[in-house]
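Please arrange chain X on chain B, whose structure you already have, making use of the hints.
For the record, the sequence lines run as chains B and X.
According to the numbering used here, the first sequence is numbered sequentially starting from 344.
According to the numbering used here, the second sequence is numbered sequentially starting from 25.
Some hints here could point you the wrong way.
To be verified - Cross-link-like lysine-lysine pairs, in silico, BS3-like; alpha carbons within 25 Å at most:
| no. | chain 1 | residue 1 | chain 2 | residue 2 |
| --- | --- | --- | --- | --- |
| 1 | X | K118 | B | K385 |
| 2 | X | K89 | B | K385 |
| 3 | X | K251 | X | K197 |
| 4 | B | K385 | X | K69 |
| 5 | B | K497 | X | K69 |
| 6 | B | K385 | X | K86 |
Claimed, not checked - Computed from the model, here is a short list of chain X residues facing chain B with C-beta under 7 Å:
| no. | residue |
| --- | --- |
| 7 | T52 |
| 8 | A55 |
| 9 | K59 |
| 10 | T66 |
| 11 | T67 |
| 12 | L72 |
| 13 | I99 |
| 14 | G115 |
| 15 | G132 |
| 16 | Q153 |
| 17 | K182 |
| 18 | G235 |
| 19 | R237 |
| 20 | E239 |
| 21 | Y241 |
| 22 | S248 |
The set of hints was computed from the structure by calculation and includes no laboratory data.
All C-beta atoms, glycine included, are put in the ideal place defined by N, C-alpha and C.
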Amino acid sequence: MPAFARLSIALLLFALFLMVGGFPIAAQTREDPFAGVAEAEKPQPAPRSWREQFFSDNFGFRKEIMSQFDTNEDGRGASRQSVGFEVLKKFSTATSTVASFDFQARLVRRDGFNPVLNDMEGASRQGWAFEYHNLYMDFYNILNPVLSNEERSKNVGRFNFRAGHFYVPFGLNLQTDTHGTVLQLSNDRNFGFERDWYTGFWGTLNRYLNYDAYYLAGSGYDLKYKGQSGLGALRISLANRYSSDYGWEGGVSLLGGERLSEAAKPIATRRIGMDGRYRRAVPTGLLIFTNELSGGRDTADTVFTQLHQLEYLHSSRRWGLATQYRRFAQDGLRADASIIGEACWYFRNDVGNSNLHWIKLNVERQLQRMQGPPSTVVTLQYYFYR
Amino acid sequence: MKPVIAFLALAALAGPQAVYGAIGCTLTNPAEDLKYLYPEMTTFKEELSELPRLQDGAAIFKGLKARLGSDLDPIYETYETPYTVYSVFKGPTKIGVVHGVNVPGKGGVIQVFLSLDPVRAEIKSFFFQRLESPAARQLRSKEFRAQFTGLTLGDFYKHDYYAAVEPGAKADKVAAVKPPPLLDAGGRPDYEASLRGIRKNLILLDFFVYGKRFEPYFDRARQSMEKAKARKE
Numbered sequence: 344m345p346a347f348a349r350l351s352i353a354l355l356l357f358a359l360f361l362m363v364g365g366f367p368i369a370a371q372t373r374e375d376p377f378a379g380v381a382e383a384e385k386p387q388p389a390p391r392s393w394r395e396q397f398f399s400d401n402f403g404f405r406k407e408i409m410s411q412f413d414t415n416e417d418g419r420g421a422s423r424q425s426v427g428f429e430v431l432k433k434f435s436t437a438t439s440t441v442a443s444f445d446f447q448a449r450l451v452r453r454d455g456f457n458p459v460l461n462d463m464e465g466a467s468r469q470g471w472a473f474e475y476h477n478l479y480m481d482f483y484n485i486l487n488p489v490l491s492n493e494e495r496s497k498n499v500g501r502f503n504f505r506a507g508h509f510y511v512p513f514g515l516n517l518q519t520d521t522h523g524t525v526l527q528l529s530n531d532r533n534f535g536f537e538r539d540w541y542t543g544f545w546g547t548l549n550r551y552l553n554y555d556a557y558y559l560a561g562s563g564y565d566l567k568y569k570g571q572s573g574l575g576a577l578r579i580s581l582a583n584r585y586s587s588d589y590g591w592e593g594g595v596s597l598l599g600g601e602r603l604s605e606a607a608k609p610i611a612t613r614r615i616g617m618d619g620r621y622r623r624a625v626p627t628g629l630l631i632f633t634n635e636l637s638g639g640r641d642t643a644d645t646v647f648t649q650l651h652q653l654e655y656l657h658s659s660r661r662w663g664l665a666t667q668y669r670r671f672a673q674d675g676l677r678a679d680a681s682i683i684g685e686a687c688w689y690f691r692n693d694v695g696n697s698n699l700h701w702i703k704l705n706v707e708r709q710l711q712r713m714q715g716p717p718s719t720v721v722t723l724q725y726y727f728y729r
Numbered sequence: 025m026k027p028v029i030a031f032l033a034l035a036a037l038a039g040p041q042a043v044y045g046a047i048g049c050t051l052t053n054p055a056e057d058l059k060y061l062y063p064e065m066t067t068f069k070e071e072l073s074e075l076p077r078l079q080d081g082a083a084i085f086k087g088l089k090a091r092l093g094s095d096l097d098p099i100y101e102t103y104e105t106p107y108t109v110y111s112v113f114k115g116p117t118k119i120g121v122v123h124g125v126n127v128p129g130k131g132g133v134i135q136v137f138l139s140l141d142p143v144r145a146e147i148k149s150f151f152f153q154r155l156e157s158p159a160a161r162q163l164r165s166k167e168f169r170a171q172f173t174g175l176t177l178g179d180f181y182k183h184d185y186y187a188a189v190e191p192g193a194k195a196d197k198v199a200a201v202k203p204p205p206l207l208d209a210g211g212r213p214d215y216e217a218s219l220r221g222i223r224k225n226l227i228l229l230d231f232f233v234y235g236k237r238f239e240p241y242f243d244r245a246r247q248s249m250e251k252a253k254a255r256k257e
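The shape of chain B in the complex, shown without the other chains:
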């Protein structure tokens, strides 16, 4: 074979190699590997009975176990053991969530009593007691049925209606879940109860402010009227954007009317309060500063309440520390004041409080007492909520 022919065959074979072998490999790497991939079709949901829908759609059920032991400096011990649950159900139409229902209850066994912050009513409930805590309904955007689409759009979230037993709408308690915690805010000491029966409206005023406006029975745990006229309460608070963008929450609260005293006698009550909470990220976690200040009158006596709290939560959310100073002063009755320290180890610590599991050690040093000498109360708490 002539050399030219051999060269031609060699070139031809090389070209063939490039086309069949080497060249196509280079071409494959440039080929779009996602060519021809189509999005999957959405499967049709299986039909369900109304019962299945009721107990699965927006239905929540949680269980709670709390075991608490405490002692004072004289060695007087007390125990509070409970199991409980919470049911939450939201009701919706095809295009909107229109209402929700919440019920929290506990069966509690108490033996002995020390005035621990989260159980001030325990003194009168020795032995077995079945207790309800939250029991209320919310109805959202209640004017929607009579509004046009344009008016609905302008008033989203503005007119919501609440009725039932919930946190007193004064201070930060409305926006703070203190159901399982040992540390509490100031309402319990300020009014004699932290939850009350009430009805009224809540929602957004504008982009910057929210409102809560209610009529309260003023009777605390039991819904009863013993001659009191009840209380009117108004709270104006910062909109959520301040919490999201700057870590700030806060508000101004007004409350006035008549409530029942511990002895079930009507007391003329006036309060005005200011509160604030600030979350600040630090390199290893989060610092939270909380303050509640309020003043007013119980009948003719001037009262003044203050609460200052500092919390640290490690970025792992596994452990935290907290300290609180609280003082309630009333004309002619001196004051109740305490400083509290707390350490907590979390097994579970969901950001939205949907599943919680912890052990807390809480030490309260009473600095002043209206009745009796100041003491120290040490509390060990185990808490499970899921």
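Showing chain X alone in chain B's frame:
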């Protein structure tokens, strides 16, 4: 005697069994936030999703980890964490889907919310409800957040392939996202956590709302990466 029986009944309830959540990863004030995202909206609807209550919840949780490509944090990202999906309407028409997730950041929680087109499943906007980070200011910047508009979960799955096999490919939309200009090295972990949060949010929405629409992209990316790995070997 009655309280004792009631106590035992409640104690039995508290035993190990399926557990249900009451509060999801929610917007603190949904009406306010949704109105800001969709000024034309008239109503919204909340739908709570809890993996333990779903028939294929365990598979979804396992699948979430596989699609995320990293372990789930035992405190921030548990199987029991409930999720709330907000559907936004203008009259009878669904105009948006909003959903939030928590991811662990360097300083604490990073709560990443996305609003999506209900039909195309593309990101309309993304924002942080809680951002416990020293780099919060940089990460909240409009310019940084705007880069995610129009991305889908499919783009994130494609990114897995391109990043591993064809770095710098023009088709890799996720690689085109740039960190905020003033972000220092200390803020980098929270930037990475934010990206992870966006991806996690899109994966869960694909499961809860879009009927696993982007699964073919996940499968193809995985197959293509395996092929490329085999060719190399």
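So, going through the hints one by one against the coordinates:
At most 25 Å may separate the alpha-carbon atoms for a hinted pair to count; K118(X) and K385(B) meet this at roughly 17 Å. Distance hint between K89(X) and K385(B) is fulfilled; the C-alpha atoms sit about 22 Å from each other, no more than 25 Å. With a CA separation close to 22 Å, the supplied pair K251(X) and K197(X) stays within the 25 Å bound. Proposed proximity of K385(B) and K69(X) is supported: the alpha carbons are some 20 Å apart, at most 25 Å.
Of the supplied pair hints, the one linking K497(B) and K69(X) holds, its CA atoms being roughly 17 Å apart against a limit of 25 Å. A hinted pair counts as satisfied when its Cα atoms are at most 25 Å apart, and K385(B) with K86(X) qualifies at roughly 21 Å. Contact between T52(X) and chain B, as hinted, is supported at the beta carbon level, the nearest pair being about 4 Å apart and thus within 7 Å. Taking 7 Å as the C-beta cut-off, the interface hint given for A55(X) holds, the closest approach to chain B being about 2 Å.
Restraint check, K59(X) versus chain B: the minimum CB separation of about 5 Å is within 7 Å; hint holds. The closest approach between the C-beta of T66(X) and any C-beta of chain B is roughly 4 Å, which is under the 7 Å cut-off, so the hint is satisfied. At its closest, the beta carbon of T67(X) sits 4 Å from a beta carbon of chain B; the interface hint therefore holds under the 7 Å criterion. Hint on L72(X) holds. Least Cβ distance to chain B is approximately 5 Å, under the 7 Å limit.
For the restraint placing I99(X) at the interface with chain B, the shortest Cβ-Cβ distance is roughly 5 Å, inside the 7 Å limit, so the hint holds. Interface hint status for G115(X): upheld, as the beta-carbon distance to the closest one in chain B is roughly 5 Å, under 7 Å. For G132(X), the interface hint holds, since its Cβ comes within 7 Å of a Cβ in chain B; the closest pair sits about 5 Å apart. Restraint check, Q153(X) versus chain B: the minimum CB separation of about 5 Å is within 7 Å; hint holds.
Given the 7 Å rule on beta carbons, the hint for K182(X) holds: about 6 Å separates it from the nearest Cβ of chain B. Hint on G235(X) holds. Least Cβ distance to chain B is approximately 3 Å, under the 7 Å limit. Restraint check, R237(X) versus chain B: the minimum CB separation of about 5 Å is within 7 Å; hint holds. At about 5 Å, the closest approach between the beta carbon of E239(X) and any beta carbon in chain B falls short of 7 Å, and the interface hint on this residue holds.
The restraint placing Y241(X) at the interface with chain B holds, with a minimum CB-CB distance near 6 Å, inside the 7 Å limit. With its C-beta approaching chain B no nearer than about 4 Å, S248(X) sits inside the 7 Å limit, and its interface hint holds.
Consistency note: the structure conflicts with none of the earlier hints.
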